[in-house]
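Undergrad: Full structure from sequences and hints, please.
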Amino acid sequence: MAGGGTAGGGPRTDTYAPVRLWLLLPAWVSLTILVLAPVSMMLVYSFLTKEFRGGVIWEFSLSAYDQFFCNRGLFGDEPCSIEWTYLLIFWRSIWQAGAATLLSLAIGFPTAYFIATRPARQRALWVFLITIPYWVNLLIRTVSMKFLLRDQGPLNDALLGLGILSEPLSIVNTNLAVQLGLFYSYLPFMVLPIYAAVERYNFSLSEAAADLYAPRWVILRRIVIPAVKPGIVAGCILVFVPSLGSFLAPDLLGGAKTFMIGSLIEEQFKGNAGNWPFGAAASMILLTMVLILLLIFARQQARAGNG
Amino acid sequence: MATDGTIAIDVRDAVKRYGDFTALKRISLSIRDNEFFTLLGPSGCGKTTLLRMIAGFEDVTEGAIFLFGDEIETLPPHKRPINTVFQDYALFPHMTVIDNVGFGLEMRGKSKSDARKRAGEVLEMVQLSQFANRKPAQLSGGQQQRVALARALAPQPKVLLLDEPLSALDLKLRKAMQIELKHLQRDTGITFIFVTHDQEEALTMSDRIAVMSSGELQQLGDARDIYERPRNMFVADFIGDTNLLSVTVNRVEGQSATCRLASGHQIACDAVEGIAPGAYVHMSIRPERLYLSEPGDGYLSGTVLENIFVGTDITTIVEISPDLRLTVRTSNSDRGAQGIFAPGTAVAVHLEQGAGRLLAD
Ligand SMILES: Nc1ncnc2c1ncn2[C@@H]1O[C@H](COP(=O)(O)OP(=O)(O)O)[C@@H](O)[C@H]1O
Ligand SMILES: [Mg+2]
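Residue numbers (UniProt numbering), protein chains in the order written: chain A, 1 to 307; chain B, 1 to 361.
Hints may be right or wrong, so weigh each one.
Below are the DSSO-like pairs computed for lysine-lysine, each with C-alpha atoms no more than 30 Å apart in a straight line [unchecked claim]:
hint, chain 1, residue 1, chain 2, residue 2
1, B, Lys117, B, Lys135
2, A, Lys229, B, Lys182
3, B, Lys112, B, Lys79
4, A, Lys229, B, Lys112
5, B, Lys79, B, Lys158
6, B, Lys158, B, Lys117
7, A, Lys229, B, Lys110
8, B, Lys182, B, Lys172
9, B, Lys135, A, Lys229
10, A, Lys229, A, Lys146
11, B, Lys135, B, Lys110
12, B, Lys182, B, Lys135
Everything labelled a hint here was simulated from the structure, so no lab data went into it.
TA: This is the structure:
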């Protein structure tokens, strides 16, 4: 940025140099306030000592991380052995978010493909229709989902009424309910990037493949999917990452057995029972995981770009 | 080209409608096995539509298409032993050149290694062996074109369809590819159906040409037929340059006829079926079949308006009467004896024997 004005190497001067700093200011300020400051605060808090009624004592401590990873027995005086409680919650979260992502992909890909293959004038309307439910607050949508899935809810009523079921299906409080909730929360994040990729796809490639004796599913697998892969990967990340840290769907649709990392973190900062450093440490671990994931993605994108 | 008369593709009464618009109006043609066949016509006349119907990408609204006697118009594209060279090449961007070429072979059940081996041979045929492991984006337009060709030839289709494959190339490369395509067709013995809007390209490459306009077949024949004996105004005008004159037919006797120009001049020409004495029709005379001399002994006399130098030839525009101008083309090698008639000079215009061609419509 700073070298921009002298890039030509000649006597050209950057007329805008003084203004440029000021113009960039809003971006820097918002980045600092919205990203850097909170993350640094979390990082610092995760290394502090907990105050019993919430809050922190400004004293360096590794106890938050210790609590996360180490089991030191009932009285906290044994040597460190692996603490499974939180790893299990993490594992469950990954599993739930992964299942929700796959579900979104299974529904989102055909949806996106369908929209992208409509006549150009209809596409905007379809995209608009897809996004309408998302004007409603996530909390309300999740509660409605619970209402839909209830034992006496419309879904079960319909299935019973049609004679498909003889007893109501208990979905609420199961992993499936949480997965459905997450799927419904983030579906557009899957549909939109895939839609953008399919819209840019050159369909004469599909014709060429058909011409070369490829049946439809082979065309999909060998030609279409590799071509729209960046959209698929972006969609998966955009669904997986927020699902991983989500707490509304697990809290409202799940039960004790579906406890996820988002809820764990939420609990640490709620009311008086919380443990701020522990919540901060769990957040940092979650953040690290997400960053690693994004790095892998960026690597792959770069490689695809070179190839 | 040696063909034994077997019909490779038989299009019978094919109609294609898009809603209210009729893109093909009942086309019938038979394309012989082993033939270099060209669909020629201006942009928008339905060439691509017909080709896509043969390949299977478009439904046939009415009519039928046969491939060596088997009805194929309801088969999906992947079940037709026909391959296409697409106008935009449509190479698979994420695959290497050799994988592109081997794709069709793999789909036909060849093992990956067999497919690569055969793909390598085909790449050699189009002189691209050294690029086998590149991605299409790393090749020039001409090279991509050859990959598209190799990819379509590799599975040894019964018929190869080529939709304006050379239109994106520059003139020099296009000329070289024309010759190469012609050789490939001869060497492989595969029936080629070639689409172009370039009449010169069609004339130089084809065994037979189907001239199309607005969804209709105008004439089918070999290059000489079409050039020397155009059936109608459209063909005469579209193929090469021509002089179109309005004439009245005076007399028809067996194979020959006499016509009269509005100016009263008489022209002898071949009789054409369906044109009777008294008919008021058009006559086409190719500019190279006219020549100029000093006035006096000429058949038609006029004044030189303009000389246009076009490399090997010189084109002279002669005004016979205010509403009749003729274009005369003289080869530059012939001109030595005659010299150039400067604009404003009076000249006589001669007509070669049989140069006038009557047009049915
Ligand atoms: N999918 C389509 N829908 C409507 N009209 C079409 C479609 N495809 C082609 N056409 C029309 O059919 C006519 C013939 O098109 P085409 O076969 O592409 O011509 P060419 O290849 O000879 O240039 C054109 O007028 C074109 O506008
Ligand atoms: Mg076309």
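Undergrad: Verify the proposed pairing of Lys229(A) with Lys112(B), using a straight-line Cα cut of 30 Å.
TA: The given pair, whose Cα atoms are some 24 Å apart, holds under the 30 Å limit.
Undergrad: Quick one, are Lys229(A) and Lys110(B) close enough, alpha carbons at most 30 Å?
TA: Roughly 27 Å between the alpha carbons, so the hint for Lys229(A) and Lys110(B) holds.
Undergrad: Need the status of pair Lys229(A), Lys182(B): alpha-carbon distance at most 30 Å?
TA: Given pair Lys229(A), Lys182(B) is violated - Cα atoms ~40 Å apart, limit 30 Å.
Undergrad: Take a quick look at whether Lys135(B) and Lys229(A) sit within 30 Å of each other, Cα to Cα.
TA: Holds: Lys135(B) and Lys229(A) sit about 17 Å apart, inside 30 Å.
Undergrad: Given the hint that Lys158(B) pairs with Lys117(B), does the C-alpha gap stay at or below 30 Å?
TA: holds (21 Å)
Undergrad: Take a quick look at whether Lys229(A) and Lys146(A) sit within 30 Å of each other, Cα to Cα.
TA: Status violated; Cα separation ~33 Å.
Undergrad: With the threshold set at 30 Å, check whether the alpha-carbon distance from Lys182(B) to Lys172(B) stays at or below it.
TA: Holds, at about 16 Å.
Undergrad: CA of Lys135(B) to CA of Lys110(B), is that 30 Å or under?
TA: holds (22 Å)
Undergrad: For a C-alpha distance cap of 30 Å, please report whether Lys112(B) and Lys79(B) respect it.
TA: holds (21 Å)
Undergrad: Decide if the proposed pair is consistent with the structure: Lys79(B) and Lys158(B), CA atoms, cutoff 30 Å inclusive.
TA: holds (12 Å)
Undergrad: For the pair supplied as a hint, Lys117(B) and Lys135(B), is the alpha-carbon distance within the 30 Å limit?
TA: holds (18 Å)
Undergrad: Compare the distance between the alpha carbons of Lys182(B) and Lys135(B) with 30 Å, and conclude whether the hinted pair is satisfied.
TA: Between Lys182(B) and Lys135(B) the Cα gap is close to 27 Å, so the pair holds against 30 Å.
Of the numbered hints listed earlier, those contradicted by the structure are 2 and 10.
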